[in-house]
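First to last, the protein sequences are chains A and B. At position 245 of the first sequence the residue is numbered 245 (our numbering), and the sequence of numbers has no breaks. At position 47 of the second sequence the residue is numbered 47 (our numbering), and the sequence of numbers has no breaks.
Fair warning: there could be bad hints in the mix.
As the list claims (entries may be wrong) - Taking lysine to aspartate or glutamate and the EDC-like style, the derived pairs with C-alpha atoms no more than 20 Å apart in a straight line are:
no.	chain 1	residue 1	chain 2	residue 2
1	A	K119	B	E142
2	A	K52	B	E248
3	B	K55	A	D271
Said to hold, decoys possible - Some chain A residues flagged as far from chain B (calculated, every beta-carbon gap over 10 Å):
no.	residue
4	A71
5	Q99
6	E217
Said to hold, decoys possible - Here are the in silico distance ranges between beta carbons for each label pair:
no.	chain 1	residue 1	chain 2	residue 2	range
7	B	P236	A	K316	50 to 56 Å
8	A	N115	B	R24	49 to 55 Å
9	A	G143	B	L232	50 to 56 Å
10	B	R24	A	S312	31 to 37 Å
11	B	S44	A	R150	30 to 36 Å
12	A	D105	B	K112	35 to 41 Å
13	B	K52	A	E248	51 to 57 Å
14	A	R150	B	E31	53 to 59 Å
15	B	K221	A	G149	29 to 35 Å
16	A	N193	B	L88	40 to 46 Å
17	A	K316	B	L232	34 to 40 Å
In case anyone wonders, no lab produced these hints; they're calculated from the structure. We treat Cβ as the ideally placed atom computed from N, Cα and C, and that holds for glycine.
Protein chains: 2
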Amino acid sequence: MALIVQKFGGTSVGNTDRIKNVARRVAKTREEGNQIVVVVSAMSGVTDGLIKLAKEIIPLPIEREMDMLLATGEQQTIALTAIALQALGIPAVSLTGAQAGIVTDGVHTKAKIKNITPKQIQHLLDAGNVVIVAGFQGQTAEGQITTLGRGGSDLTAIALAAAIEADLCQIYTDVDGVYTADPRIVPGAKKLNEISYDEMLELASLGAKVMQGRSVEFAKKFGVVFEVRSSLNDNPGTIVKEATASMEDVVIRGVSLDKNQAKLTVVGVPDKPGTAAKIFRTLGDAAINVDMIVQNVSHGGGTDISFTCDKSELLKAKTVIETLKASTGFKAVESAESIGKLSVVGVGMKSHSGVAAKLFEVLAQESVNIDMIATSEIYISVVIDLAKGEQAMRAVHKAFLE
Amino acid sequence: MALIVQKFGGTSVGNTDRIKNVARRVAKTREEGNQIVVVVSAMSGVTDGLIKLAKEIIPLPIEREMDMLLATGEQQTIALTAIALQALGIPAVSLTGAQAGIVTDGVHTKAKIKNITPKQIQHLLDAGNVVIVAGFQGQTAEGQITTLGRGGSDLTAIALAAAIEADLCQIYTDVDGVYTADPRIVPGAKKLNEISYDEMLELASLGAKVMQGRSVEFAKKFGVVFEVRSSLNDNPGTIVKEATASMEDVVIRGVSLDKNQAKLTVVGVPDKPGTAAKIFRTLGDAAINVDMIVQNVSHGGGTDISFTCDKSELLKAKTVIETLKASTGFKAVESAESIGKLSVVGVGMKSHSGVAAKLFEVLAQESVNIDMIATSEIYISVVIDLAKGEQAMRAVHKAFLE
């Protein structure tokens, strides 16, 4: 008998028929002799509908009340899922985040889990129940309802798996697992049987949309092995765990393409100590996330500083930098939106040389210019022309992974 | 400065524009220097929508989970109402029934309030907030979410008013108050300025749909004076309180017509002790509420026993009684659906004789036959032909109240 946490996202519980499907899957796992804790998100559309209602009243509703409002979405799903299990004759009890003992800090709409006291869950499991916990939510030590922000339900599942020392944590989604590349772009992409936390983290931060990085970080910190798999079939998914020696035999785990980045270049920055610091502190104060940074000697004197950020923050970043023009004396700000960030990721890179050289060769063969480069022990990213992004991705995937 | 509880039903908070209206009304009361606790129901349609979802899964969903599900309706409204008050610059904090300290027994979907610990409410009021409490819900001492059943939000408001010793409890609805009769049927109906708990209780049980009897009973038990008034205008409503001497100067307070009753007659019941008891115990065991009962000598031997019950329970009642035919030896069961129960209500009746005589005279003038009669110190009810119900109601209203 194993203790398993199963998490189902908003699409998997999007209507009552799908909730019944989830119940059948849980029932099957239980019939195999396992104890199960189910974590569910709000039915797809429900959270957006609630946000719309609040914004009809005021564009920026106060966050404590948004948590009070949004927490109802998951509460509805846990009740309906418990009802669907009972309809199959399986004893099931639903718990809100608060009832499940999930204690968070008081940062409403993006609270962090401080601790979990799974006494009630254990008690209900011991009595033979499937326990269904609302994802995405918790309460402060003072009893205020909080929500965990984007990807919060995955985090709930992984944190619960750690707290109850589950044998396995399954994250059900609408894809079969983690792929070597996006199969919609790269026909030769293959599902991975396993991937390390670090690789998964890089893929998340490099634009692969399987899971939020914070959930993976949490899993890594507490050593929670989890599986990403499909709620639409019975195929085994991808196991995410600490890197093992055998994993390093594979040099590259995957290729990702982030089309959501934009590039800014501050032209002709005077060679004065502290100027670059000033630019990036100002961006940081404005809560703009800067990704890759490159500095070069400028043709017209001084240096050129280029960096990438989310496309959605491009205008804000530009405006913020313009305010520094007089005080720093740079010449101009230029921006480019049609760029793509292509990355290859793999823990095997650490012990294998020549990955960068091979990547650059492949891109040269495809006549793709490299605009910026960033590297770490487990990834290399290059900024290239967006128009050539998918072609380059297929070529790189073929060279390293097929 | 007064401490006021204001309760708004599902229609009054039916969309965000109406919620904004509620906020404006609350804001106005606050600007007049009052402390306010607001109790709200689920937005109209929300509860029915949730029930529909659950019934898509199974016709009789388990009640604990229905409470988990339905409690989200009011939780959404409290958050949206708090947001609407904050949009007006008024500090407001929402509380679920559990957070507000409302402790109930564990009878899911129709829990009874056991006690209220309004510590959190007091604390938030003292800090200058409007406090918004979810109606219709509470939690057990063990932390299970419960709902209070039909009319639950009124009950929440009145129980909170008792617990925090409010100066006034206002029940906002879509009518101007309690009328001497339904104005849609009786054009001469007048709004009452005040009415006693007992009269209000009788009107509720006799078919007037202003409020559930249990809320009025609770108010009577704890001496909570409350006002029923409209959320659509600023007209004063009807004050409901303990009967005073001056109230008894008015003989009749109102006239009601209940079109929802049906009549059953068990024909030819043998004159054996215990037979009637057996019939009504069987009905009670089947949870059928029996209202008026009349027993007469039967023409064909034995006695005829007639009683009324809700039309919706007629078929069930008939079926239950048929099962007793062999063991009790009665001859037949007859039923009539087209009946109306006309009642006149007033505490003044106690000290004034001749009300019954006057009622019978008026009905005779209108050629209305009386089928059954029931009386108490403060009401007289007669069962008549439904077709003549409204005509009779107008005549009786005119004779006693115009």
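Exercise. Hint by hint, which ones does this structure get wrong, listed from lowest number up?
Worked result: Failing hints, ascending: 2, 3, 4, 5, 8, 9, 14, 15, 16 and 17.
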